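A.B. asks: Here the protein sequences come in this chain order: A and B.
Using my numbering, the first residue of the first sequence is number 1, and each one after it goes up by one.
Using my numbering, the first residue of the second sequence is number 1, and each one after it goes up by one.
Keep in mind that a hint or two might mislead.
In this list, chains with the same sequence are indistinguishable; a pair is considered to hold if it fits within one copy or across any two.
Capping the alpha-carbon separation at 30 Å, the derived lysine-lysine pairs in DSBU-like fashion look like this [what the hints assert, rightly or not]:
| id | residue 1 | residue 2 |
| --- | --- | --- |
| 1 | K5 | K89 |
| 2 | K41 | K176 |
| 3 | K41 | K194 |
| 4 | K41 | K220 |
| 5 | K41 | K212 |
| 6 | K62 | K41 |
| 7 | K184 | K155 |
| 8 | K159 | K194 |
| 9 | K4 | K194 |
| 10 | K212 | K62 |
| 11 | K62 | K206 |
| 12 | K206 | K89 |
| 13 | K155 | K65 |
| 14 | K179 | K220 |
| 15 | K194 | K5 |
Hints are computed from structural coordinates only; laboratory data are not their basis.
The structure displayed is predicted, hence computed values, not measured ones.
Number of protein chains: 2
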Amino acid sequence: MAAKKPLILVTNDDGVYARGIRALVDAVSDLGEVLVVAPDKPQSGMGHAVTLHHPLRLEQVKYEKATRAYACSGTPVDCVKLAIYGVLKDRTPDLVVSGINHGANSSINVIYSGTMSAALEGAVEDIPSIGFSLLDHSPDADFEAAAHYARMIVKQSLKNEFPEGACLNVNIPNVKRDKIKGVKVCRQAKAFWKDAFDERLDPGGKPYYWLKGVFENQDKGEDTDEWALQHNYVSVVPVHYDLTAHHAIANLNTWNL
Amino acid sequence: MAAKKPLILVTNDDGVYARGIRALVDAVSDLGEVLVVAPDKPQSGMGHAVTLHHPLRLEQVKYEKATRAYACSGTPVDCVKLAIYGVLKDRTPDLVVSGINHGANSSINVIYSGTMSAALEGAVEDIPSIGFSLLDHSPDADFEAAAHYARMIVKQSLKNEFPEGACLNVNIPNVKRDKIKGVKVCRQAKAFWKDAFDERLDPGGKPYYWLKGVFENQDKGEDTDEWALQHNYVSVVPVHYDLTAHHAIANLNTWNL
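Start from the sequences and build out the full structure, keeping to the hints where you can.
C.D. replies: And the structure:
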């Protein structure tokens, strides 16, 4: 008898109808049994938000290459929780993949990203988990190269021992596949948004504020995700949920607390 | 001439009208100039969510012990961004404090917590930042001991060199002040929620799902926040936004990527 196919949970933050998640499902559909549970509407920038004070809904949707697919009324993290404890119940996914996101989730974006929070929630559940993001925000982005690398990295993840307590943050440069130089394992760059707000007046004369920002990389390290992406490598950063700044503990112990 | 008073930005995730944030403002009001920018409604479990696709509103509110106070229509992270770039513009806060949260934000809760995400956003902005949480969810919780320790830790933070790229996650046990044994600098415990969903039917017969969970600490370490809190210590965990699992990089480099 053939070995049981691995169960792959697919989610994202752009919503179940986005092209990126369809590209991801297509890329992995023959590597296992595919369950899709993804938000019923875009949830970009939702970070690790979780729905505590109202209930969630699930609606079955058609997905050619998935065994089952659902639209969920909650956040990306809700989708992972509800897939595991509401839909599957008696079986745990062998892999959680999130994306392919329309837009970068490198460096500091990891903390704002719904795509990466879904992957991190998979890690919290002790399941090998990967978030994939393409450096193109457009709804009509070309996912060919990203899907190719997603498939390759998923295959490797099913074959190798996955790092404990961590998920992978994979970003793919927005160039044709033959321009991509390969894959680099990196650390998160110290790069940040320089934020600002546009203050405008509504027709009633009351102010409202639009967030706008410029991304700035001040990290010169060649071992960072930003460096890799700038040089047309796919970046892979292992990301964990232990947020302790261990290096700061000794210093804090000198305070008079 | 007296030295300029430090500017303290106060926010939370329970909303500007919660008792916890009032207790925090009262505790620090004579230590600096206090600006309050906090959500106009409860935002628990919002994690690091940020509002990208619609504008934000600010409404001035009365706050006896603050120089200025605003209710913001966004998430806790939005409040920090809007305070710095929309309200203040030409001046940066010397300290960001978030809380006092009604409920624990120890161990894994740090990634779901709006209170802690606001503090982490302060760290991203390179501002000394602290999140305070009391281990009591009740709206009428007794904040006396928590406010006492918040004041002490704020004083120490204004006096000492703050750890770079990190904020502090401070949790206070829910006991009277004379029962608290002191303060312990800790690491985040490996403790998790064992999730489940209640599946119920609405009056129309369609299912909906309520998240419920039981908290389980399987970390026996005596250097953890959970240990400290269980033994009636105030826990202080330095928390940073570099999510790289540095220890996993060597292993990933052995994969055939």
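A.B. asks: Evaluate each hint against the coordinates.
C.D. replies: Each hint tested on the structure:
no., hint, result
1, K5 - K89, "within (18 Å within a copy, 56 Å between copies)"
2, K41 - K176, "within (29 Å within a copy, 46 Å between copies)"
3, K41 - K194, "both (28 Å within a copy, 27 Å between copies)"
4, K41 - K220, "neither (37 Å within a copy, 41 Å between copies)"
5, K41 - K212, "both (22 Å within a copy, 24 Å between copies)"
6, K62 - K41, "within (16 Å within a copy, 37 Å between copies)"
7, K184 - K155, "within (17 Å within a copy, 44 Å between copies)"
8, K159 - K194, "between (40 Å within a copy, 28 Å between copies)"
9, K4 - K194, "between (49 Å within a copy, 26 Å between copies)"
10, K212 - K62, "between (36 Å within a copy, 29 Å between copies)"
11, K62 - K206, "between (44 Å within a copy, 19 Å between copies)"
12, K206 - K89, "between (49 Å within a copy, 19 Å between copies)"
13, K155 - K65, "within (17 Å within a copy, 59 Å between copies)"
14, K179 - K220, "within (23 Å within a copy, 50 Å between copies)"
15, K194 - K5, "between (46 Å within a copy, 26 Å between copies)"
The structure does not agree with numbered hint 4 stated previously, though it agrees with all others.
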